[in-house]
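Undergrad: Go ahead and model the full structure; you've got the sequences and the hints to work with.
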Amino acid sequence: MKKVLIVDTKAGNLFSLRAAIEKLNFEVTIATSPPEQLFDAIVLPGQGRFGTVIENISQAGWPAYLLNARESNIPMLGICVGMQIFFEASEEDKNIAGLGWFKGEARALDFPKKPMVGWANIESEIWPEACVYFVNSYAIKGASESIATTCYGETFCAAVRQGTFTGVQFHPEKSSDAGLQIIRESLSRNIDLVGETINAK
Amino acid sequence: MPNSQLLPRIIVCLDVDKGRVVKGTNFKQLRDMGDPIELAQAYEEQGADELVFLDISASNENRPTALKLVTDIACNLSIPFTVGGGLKKLDDVKAFLDAGADKVALNTTAVLAPDIIDATAKAYGSQCVVVAVDVNREADSSLGVYINGGRKLTDKNFFDWTKEVARRGAGEILLTAMHKDGTGSGFDTELTAQVSRELPIQVIASGGAKSEEHFYQAFSQGADACLAAGMFHSGDYRVGDVKRYLTDKGLSVR
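In the order they appear, the protein sequences are chains A and B.
Using the working numbering, the first residue of the first sequence is number 1, and each one after it goes up by one.
Using the working numbering, the first residue of the second sequence is number 1001, and each one after it goes up by one.
If you are wondering where the hints come from, they were derived from the structure by calculation, not from laboratory data.
Please note that a few of the clues may not be correct.
To be verified - Computed far set for chain A versus chain B, every beta-carbon distance over 12 Å: (1) T29; (2) S33; (3) P63; (4) S72; (5) N95; (6) W127; (7) K141; (8) S176; (9) N190.
What the hints assert, rightly or not - Short, incomplete list of chain A residues facing chain B, as computed with Cβ under 7 Å: (10) W101; (11) P115; (12) V135; (13) I147; (14) Y152.
Glycine included, every Cβ here is placed at the ideal spot set by N, Cα and C.
TA: As structure tokens, this is what we get:
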């Protein structure tokens, strides 16, 4: 059974996320600080403010662990703010720098009603048509790593991908079966599937 | 309104008492409708976009049981859900959000101590805060804001109150038209549309739904989401039936 690490950014409960990943037959470990052992995949949850999450993970020493994991091509999935932190900055907390793995910053959505709350279709070159649940006031408007988009007043990145890293602006753990498929696909990037079958549901 | 891919939502409401989903036939009798988790999963399969559990938190004596139920729901449901009813202090709100609820619905407490809206939004974000506003079209056609489950009229001006709620940081307003509740004559689409136009947050229409046509009326006039209970619990309609109807009428839904 593939082992998945959820990084506890101390910004919200992780019940739904854990349950969603366990439904996919992964073994889940939640950690508040970097563990000794390696995992088959890593998930950054999507709760909390940009600045709070950056501060919490920095204090716990996660950035070096995550960089090492990236260099080892371990599949990673960042959800919502858990994706935004890998960019350079966010309008949500202007004085706090992001991890800067990707160029660009999260900006406030240009729409009269905020936050964006609800289901929207995403357009993607690599994923089949999917309707997923968004909860956000900020988004990455454009990135060269973009693999899916949606529109709320303007087009923004619904997902980004580079190598084994996948970031999603929506909440796959709240997006019913469509979300589970995306979690499975993202956490299985470059994992050798021979010998162990990863089944949905 | 600018371009948006956001789709109108159908929300199913479940009343919970002592760990069971119940239906009030009148004030004294509550009919047992079943296990909350089984029903929640059934509604997710039917295509419900969100669920609301009301009164799950009402009784203080059963607090640990209620919190455990919320966690069980979070672990067994892959769509968002709101809990509400009887949340009095920020500590109550925190307890239920930490237990796994995606959002809390505040009603009486929001009216009596509105700072809880600001405090919850600040601590957890506006997306966690749904303020439920129970409004009644009075005999003189004025709009009364009610608390205590619709039993007590307040002196709140309805339009001022909905604006204040948005300003204080609510993410959504659940607008229940008491004068429509139980009539089966459809949502108060006009009032919902008016509030939805004026506010910078989403408005959920509630009260009066009995057929798929009522959802079409509300959505086509500007409701961001519609909530219903009875017509789904009775088995008269499945959520999917309503969505098929809306699709046939040219509305995009999930």
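Undergrad: Decide, hint by hint, whether the structure agrees.
TA: Here's how the hints hold up against the structure:
1. T29: holds, 16 Å
2. S33: holds, 20 Å
3. P63: holds, 24 Å
4. S72: holds, 30 Å
5. N95: Non-interface label on A/N95 holds, nearest chain B Cβ at 18 Å vs cutoff 12 Å.
6. W127: Holds: least Cβ distance 15 Å, greater than 12 Å.
7. K141: holds, 14 Å
8. S176: violated, 5 Å
9. N190: With a cut-off of 12 Å, A/N190 remains clear of chain B, as the shortest Cβ separation is near 26 Å.
10. W101: This hint is violated: A/W101 lies away from chain B, its Cβ roughly 24 Å from the closest one there, beyond 7 Å.
11. P115: Constraint on A/P115 satisfied, holds at 5 Å.
12. V135: holds, 5 Å
13. I147: violated, 16 Å
14. Y152: holds, 5 Å
Checked against the numbered hints given earlier, this structure breaks hints 8, 10 and 13; the rest are met.
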